[in-house]
Amino acid sequence: MVRVLKLELRGITKRFGTLIANDHIDVVVESGQIHCLLGENGAGKSTLMNVLYGLYEPSEGEILVDDKPVSFRGPGDAMAAGIGMVHQHFMLVPVFTVAENVALGAEPTKAAGFLNLDETRRRIREISDQYGFDVDPDALVEDLPVGVQQRVEIIKALVRNASVLILDEPTAVLTPQETDELLDIMRQLKAGGTSIVFISHKLREVKAVSDTITVIRRGKVVGTADPAASTTELASMMVGRAVSLTLDKEPATPQETTFEVRDLTVIAPNGQHMVDGLSFDIARGEILAVAGVQGNGQTELTEAILGLQDRVSGSVTLDGKELLGRSVKDVLGAGVGFVPEDRKVDGLVGTFSVAENLVLDLYDKPPYAKGISMSPAKIMENAKARIGEFDVRTPSAAAAAGTLSGGNQQKVVMARELSRPLRLFIASQPTRGVDVGSIEFLHRRIVAERDQGTPVMIVSTELDEVMELADRIAVLYKGKLVGIVPAGTGRDVLGLMMAGIAPGEHTASPSTGTQPAATADTEGGDHA
Amino acid sequence: MPENPKPQHAAGETPETAPEQTAAAAAVDTAGGAMEPSAVPATAQSGQLPGGPDTVLRKIFTGSGMVSVLAVLLALVIGGLLIASTDKQVAATSTYLFARPADFLAAVWNAATRSYIALFQGSVFNPRGNTAAAQFAPFTETLTIATPLITAGLGVALAFRAGLFNIGAQGQIIMAGILAAWVGFALDLPLGLHLLLVLVAGIIGGAVWGGLVGLLKARTGAHEVILTIMFNYIALYFLRYLLNTPAFQRPGETNPISPILEASAVYPQILGGQFRLHLGFVLAIAATVLVWWLLNRSTVGFEFRAVGANPKAAQTAGINVSRATILVMAIAGGLAGLSGVAQVAGTEKVLTDGVAATYGFDAITVALLGRSTPWGTFAAGLLFGAFRAGAVQMQIQTGTPIDIVLVVQSLIVLFIAAPPLVRAVFGLNPRRKKPARAAKSRRAATTGGAA
Chain A
1 MVRVLKLELR GITKRFGTLI ANDHIDVVVE SGQIHCLLGE NGAGKSTLMN
51 VLYGLYEPSE GEILVDDKPV SFRGPGDAMA AGIGMVHQHF MLVPVFTVAE
101 NVALGAEPTK AAGFLNLDET RRRIREISDQ YGFDVDPDAL VEDLPVGVQQ
151 RVEIIKALVR NASVLILDEP TAVLTPQETD ELLDIMRQLK AGGTSIVFIS
201 HKLREVKAVS DTITVIRRGK VVGTADPAAS TTELASMMVG RAVSLTLDKE
251 PATPQETTFE VRDLTVIAPN GQHMVDGLSF DIARGEILAV AGVQGNGQTE
301 LTEAILGLQD RVSGSVTLDG KELLGRSVKD VLGAGVGFVP EDRKVDGLVG
351 TFSVAENLVL DLYDKPPYAK GISMSPAKIM ENAKARIGEF DVRTPSAAAA
401 AGTLSGGNQQ KVVMARELSR PLRLFIASQP TRGVDVGSIE FLHRRIVAER
451 DQGTPVMIVS TELDEVMELA DRIAVLYKGK LVGIVPAGTG RDVLGLMMAG
501 IAPGEHTASP STGTQPAATA DTEGGDHA
Chain B
1 MPENPKPQHA AGETPETAPE QTAAAAAVDT AGGAMEPSAV PATAQSGQLP
51 GGPDTVLRKI FTGSGMVSVL AVLLALVIGG LLIASTDKQV AATSTYLFAR
101 PADFLAAVWN AATRSYIALF QGSVFNPRGN TAAAQFAPFT ETLTIATPLI
151 TAGLGVALAF RAGLFNIGAQ GQIIMAGILA AWVGFALDLP LGLHLLLVLV
201 AGIIGGAVWG GLVGLLKART GAHEVILTIM FNYIALYFLR YLLNTPAFQR
251 PGETNPISPI LEASAVYPQI LGGQFRLHLG FVLAIAATVL VWWLLNRSTV
301 GFEFRAVGAN PKAAQTAGIN VSRATILVMA IAGGLAGLSG VAQVAGTEKV
351 LTDGVAATYG FDAITVALLG RSTPWGTFAA GLLFGAFRAG AVQMQIQTGT
401 PIDIVLVVQS LIVLFIAAPP LVRAVFGLNP RRKKPARAAK SRRAATTGGA
451 A
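Residue numbers (the working numbering), protein chains in the order written: chain A, 1 to 528; chain B, 1 to 451.
Take these hints with a grain of salt, some might be off.
For lysine to aspartate or glutamate, the following DMTMM-like pairs were computed, each having C-alpha atoms within a straight-line distance of at most 25 Å [stated by the list, open to error]: (1) B/K312 <-> A/D364; (2) B/K312 <-> A/D310; (3) B/K312 <-> A/D342.
Keep in mind the hints are simulated off the structure, nothing from the lab.
My request is simple: use the sequences and hints to build the entire structure.
This is the structure in structure tokens:
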């Protein structure tokens, strides 16, 4: 059933106006291989795949399937040629069942045009059994965990007889366990003869499954790498200069505890307890990282501290003063620096200039304003200083913040929040969608803030980031604290905690025993 | 095996198809809209930043000034054709259109230009005037009519910059008119103080009426469009009720008309008694400067703009969104209130139920045409004032109905609301041509490959 398919992209160039997104890219995907495209955000990986999938027409170059040139006018052509794609954001109808979603677009019919889902169900069960997907064709998609939804996407492609599967940043939305399961599925698909194009910037995963790695930087192929190469080598290729992945930070020297959270509960409008009786402390000069799969109360926790949540009970004190019940302005005024989780939604006003965004929460304080009169000169002066200090790549301080790249937008938010004396620093997803080079820089700044004696709280769904930065790690699951563990706790322990299993509960299972001192296994040795 | 792939030219591309294909690809990109090139840092990584309350409306209100100018031009051209279509000479020449098309075209041209010249003479400069004063009289009339349009337009524009659709200028003008007129005819105060009190009363009337909308929105989440529309009705019927009470009725009259305002309560005529132009226009200029300063140089305006552009980010940065909503609606109401004062204390000098005319609604168009910038609104107010002032002269001189001006105004709104239409008409639209070329080049490529 699986067709042998060799896929070749030859000299693909894709221009958008004057911008060259792909510059003469050559990639050959051999049959039954996992071929990884490694590159930073914005390197041109997704553009290349959209060309391959028929969503974009290449400016130059050609696509060859089994050495014959083809031209795809749209995804339909690509699918017909045996290419399937799983997008980073799933293309599923939440209120449809798995079978309905899979059938959508190529609905099998009985006589008189009636839908025939039985055939689709049969195919889903067949594929599900073959690869151990464990997907019920009649489950509603909205009821399924993200990892299973992703499998539905893969089934969609397989039902259409895809023999090349493109996975665009598939692990971004998964827990570590789900990620491992996905990597297993990829290996099985490969064994079944399906070739996979795996797009990622996560080095550990890339090393774990790839047969071939093609590194793309600024729209060009900079070379191929051996999966056995070290993560540092891969990262350097990806960024174009030497990067140190392991943050050489001094051990924390915690001082007195100035930030205390007691029995914090946040209730959503629907009555659900989004944060449920949380208690923890952060000492000065210490980083507490809050880990957890997205949507387990992290957003509500940080917003409650800042004063953005309404139905809040418990107590949050900073320097002995209660923060709950005060306005956002008061909380910020008490010395809280806050980097919200989604810079585009909460952190920046996209149509405002970089300079204005750099004073978004300081605009009415001297020297930027006297009374209600603002001083554009002072705001500009501040902007120039911050842009220099944080190496924000922007055409000018007057450019609209929305036109900057994600990493530079994040630097703007970070620069603003770190530009005043702080008593507490909270950063949610400080490096989401930020390129590796900027991540390194932002991490250093966070550690520098800690070393100045500020209590720091980092909320991240990226386990690598948590392990990198944390002095202690708190894990949230369904709004409750699963536990607080020291830095250096093993990835597998943290993964189980993120699934709600407290440390100690799982010791009976031999395969998931605690690994003592498994510090920052960015080398991904377990998966090799 | 996959199906036989579509034949395409092999590796050696001919030089002439290459650039064409590039254009085609770019066109596919722009036409394809939904797919963002992830290698473009600006679009892919930052993505679309969430705009204000409604992105389409936001674009319409704050789009480029060029589209405004072109929209006015286009509306005038179509208005000219409409004028010509009702012209007797045009009708006559059309009967022998195919015999002598030049006659017909000349008649069309004449009809349109005659009307527009009359419009110009009625609104800016009348060369047949005996004195310089008479020659420039139309321009002062334009400024007089523009005054309430400008101030109410500023109110709409300011609210819009804070993300609020203030449809309530009409009601705000009426409430301001009621208070200002009452202070003007019922109280007996010394010169200077009386006018000041009229002004303050009017501004407060508008500000309270606008501020209430802001308060209701901030406290209950009610939508300001519904609120302002309903508040317009309340104000209008309240005014009609008052004009039938003894307190507001002119003594000895049963008509719904108030006493004439005291001489101490009306705006001085700034160019002397022969022109209607009054102090209100100077205040309109001052208001424009003030709104510019407020928006661009004050912390309050910074808050308004931040709330308008991204309320979530504004809130996270500690800006009190509720307070900004109430405040901006109050200031917007106060600006509309200036229009009410200009009407009762400047132009009309009495209070009738037609005190606001349609200024409150025209103000929305003015703000729209002015792209919600203070000076843009000022210019748009002048233009609409000129239309209004000139229309009368146009009807007298050429018999062209006044309503044609309303048609032109409406066309302007239509074109501003559809920038792609304007760009297409003036050939500025890159999207129109290229998809066609893309298809052509694609065809060329495939056939070329087969050959």
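Here's how the hints hold up against the structure:
Pair hint B/K312 plus A/D364 holds up; C-alpha atoms about 18 Å apart against a cutoff of 25 Å. A hinted pair counts as satisfied when its Cα atoms are at most 25 Å apart, and B/K312 with A/D310 qualifies at roughly 15 Å. Only pairs whose Cα atoms come within 25 Å are accepted, and B/K312 paired with A/D342 is accepted, the gap being roughly 11 Å.
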